[in-house]
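Top to bottom, those sequences are chains A and B.
If you use the working numbering, the first sequence corresponds to residues 1 to 276, in order.
If you use the working numbering, the second sequence corresponds to residues 1001 to 1358, in order.
It is worth saying that the hints were derived from the structure and are not from the lab.
Virtual Cβ for every residue (Gly too), placed ideally from N, Cα, C.
Worth double-checking, as some hints may not be accurate.
Straight-line alpha carbon distances no greater than 30 Å define the calculated DSS-like cross-link-like pairs of lysine-lysine that follow [unchecked claim]:
no., chain 1, residue 1, chain 2, residue 2
1, A, Lys58, B, Lys1032
2, B, Lys1227, B, Lys1032
3, A, Lys58, B, Lys1338
4, B, Lys1034, B, Lys1063
Stretches of chain A that chain B covers, calculated by requiring three or more beta carbons in the stretch to come under 8 Å of a beta carbon on chain B [unchecked claim]:
no., region
5, 15 to 28
6, 39 to 49
7, 169 to 179
8, 255 to 264
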Amino acid sequence: MARLINRQPDRLGRWILALLPFVLLLVLYLLSSEARLAVNPNDKLLPSFPTIFDAIVKMAFEPNRRTGEYLLWADTLSSLRLLLLGVGISALMGLTVGLLNGGIPLIRIPCSPVVTALSLIPPMAILPILFIVFGLGDLAKVMLIVIGICPILIRDLQLKTLSLPEEQLIKAQTLGASTSQILLRMMLPQVLPRLIEAIRLTLGSAWLFLIAAEAIAATEGLGYRIFLVRRYLDMSIILPYVVWITLLAFAMDWILKVTSRKAFPWYFGRNGEAQG
Amino acid sequence: MKKSSFSSSFRKWLCVGLLPVFLFGSVPAFAKEKFKVAWTIYAGWMPWDYAAQSGIIKKWADKYGIDIDVVQVNDYVESINQYTAGGFDGCVMTNMDALTIPAAGGVDSTALIVGDYSNGNDGIVLKGKSSLKDIKGQPVNLVQLSVSHYLLARALETQGMSEKDVKVVNTSDADIVSAYTTKDVTAAVTWNPLLSEILKQPDSHLVFDSSKIPGEIIDLMVVKTDKLKAHPELGKALTGAWYEIMSEMSGSDAKAKEARTAMAKASGTDLAGYDQQLKATNMFYQPANAVLFTTDPHLKLTMQMVAEFSMQHGLLGDNAPSAESIGVETPSGIYGDKNNVKLRFDPSYMQMAADGKL
């Protein structure tokens, strides 16, 4: 049919259409930047592409004059380490507590309301308390990420565990499975892909918490650098850093997606779940 | 039939709707020129709040036939960034930030009013140690690349040390007081009112403060040079209002106390607390003193030190070839590139105030 809803672009057309908005954004930036630079060649707000390129080269491939470090890589390593620590701890706790909450009513009844209440506290609001309890170092940053995303992971996995069909539970028991066998052999494999999905969805928040923590007290990190050069409005560093953070986040999301697809093909085959 | 009646009524309403646009749309052409200046909380800048609240700024703006909007911005750096990006015609800032943000960003700026210099308002605090020498090897929490950083560099210099001897930890000014209460923080550099908060904590020692480098951390009202050239009345109105407040708030009569109490309240303290902060601020209550300070050849030397510090820390931008790449004009001569003057200390408006010509 020639109706609009039935028109599908071919493979090439798909790529072109997908890239078009990005190209338009770039052109828009280029035009605005040129207009501002025409008025003031030293304008810092919308630097030209060569300026940005020079800044990237300087940050990534030339050792810093004062510290001798390659700043972009040092910042990336520092941020990724904290982020992976925070997300890793959260995932482990989320999986354990979520599974136990979902599987065992005697654990769920005392724990679930507390987790719900904790998950409702905005982590940024308790930042000053976090500092006093955990200090200003890496621990506070990791804890902020954990406090920020762990309750969400727990709640999500608890819901997923609870949503497993009743029939499976009964079947497993008739076949003689113990509690630990049911938890580890029946429930765990079924909630694992859901854990990866939940991590993918909370990664954005994890980055947010990390960068917020780095803005407050830090000596290195991607967020630290952005807030530092903001002091003298150096957009030629801020913009590439933002793009870099986006790329890293995209890569992590993609790796999780591919891992999940390879490890749990059955999860993706069934009823269109998790097609994201 | 129905359609045409709709379109005619549509047209009618469109005309009625557009009428005010035509009537008032052309009004701004005859309206008074409008200017926006920004200020942030600091002992030496609270008079700007008073200027807006008491109506003094309006009085002076009316006198010169212009409108001046005095806007408080919550975040200091953000206010300067906004000024640099074009959101404001004027903004309060220190001499160092004036050089590294708008001037380095190619925005030609004029220091219209030299309001004060820090004379103890910025300081270095050590926990449990009472000598500046003991700072060696410690992590030092401060707002990096700010005047605190500059103060630290100058202090280390006096001990024959350099930044390599300490570990600088960037800490936002909003959190530095609560950060100081944790055991990780053993040394901090900050400014008032945060400094006095920190000094209240047990076993804290002020080991160095800006009174040991008097006149180097200067607080200014900075305006765009081209705006000032095109509208000298902006400079006159701002300067006139400023020195009216200066004469009103200095002294010890009831009116002065009332003015200072208002400023104290707006900065979150009381009269006693604010007077305490003013003691560490060398306010130029008399325009003649500000002119004297600005015309003193020492200002050029100060700006040279600030420019060299900024260059060392990359504050002038990565493509800045040297500390001298940005010209700073002072009454005693230009420091740096004469063909690229972006920061000008212009005492002429303060001189007018001193001569009573505003």
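Results for each hint:
1. Of the pairs offered as hints, the one joining Lys58/A and Lys1032/B is violated, with about 48 Å between alpha carbons and a cut-off of 30 Å exceeded.
2. For the hint pairing Lys1227/B with Lys1032/B, the CA-to-CA distance comes to about 15 Å; that is within 30 Å, so the pair holds.
3. The suggested pairing of Lys58/A with Lys1338/B holds, with an alpha-carbon distance near 28 Å, which does not exceed 30 Å.
4. The suggested pairing of Lys1034/B with Lys1063/B holds, with an alpha-carbon distance near 14 Å, which does not exceed 30 Å.
5. A stretch counts as covered by a chain when three or more of its residues have a beta carbon under 8 Å from one of that chain; for the region 15 to 28 of chain A and chain B the count is 0, and the coverage is violated.
6. Counting residues of the region 39 to 49 of chain A whose beta-carbon sits less than 8 Å from any beta-carbon of chain B gives 6, enough to reach three: the coverage restraint holds.
7. With a cut-off of 8 Å between beta carbons, the region 169 to 179 of chain A has 0 residues touching chain B; three or more are needed, and the interface restraint is violated.
8. Residue count for the region 255 to 264 of chain A with a Cβ under 8 Å from a Cβ of chain B: 0. That is fewer than the three needed, and the coverage hint is violated.
The structure does not agree with the numbered hints 1, 5, 7 and 8 stated previously, though it agrees with the rest.
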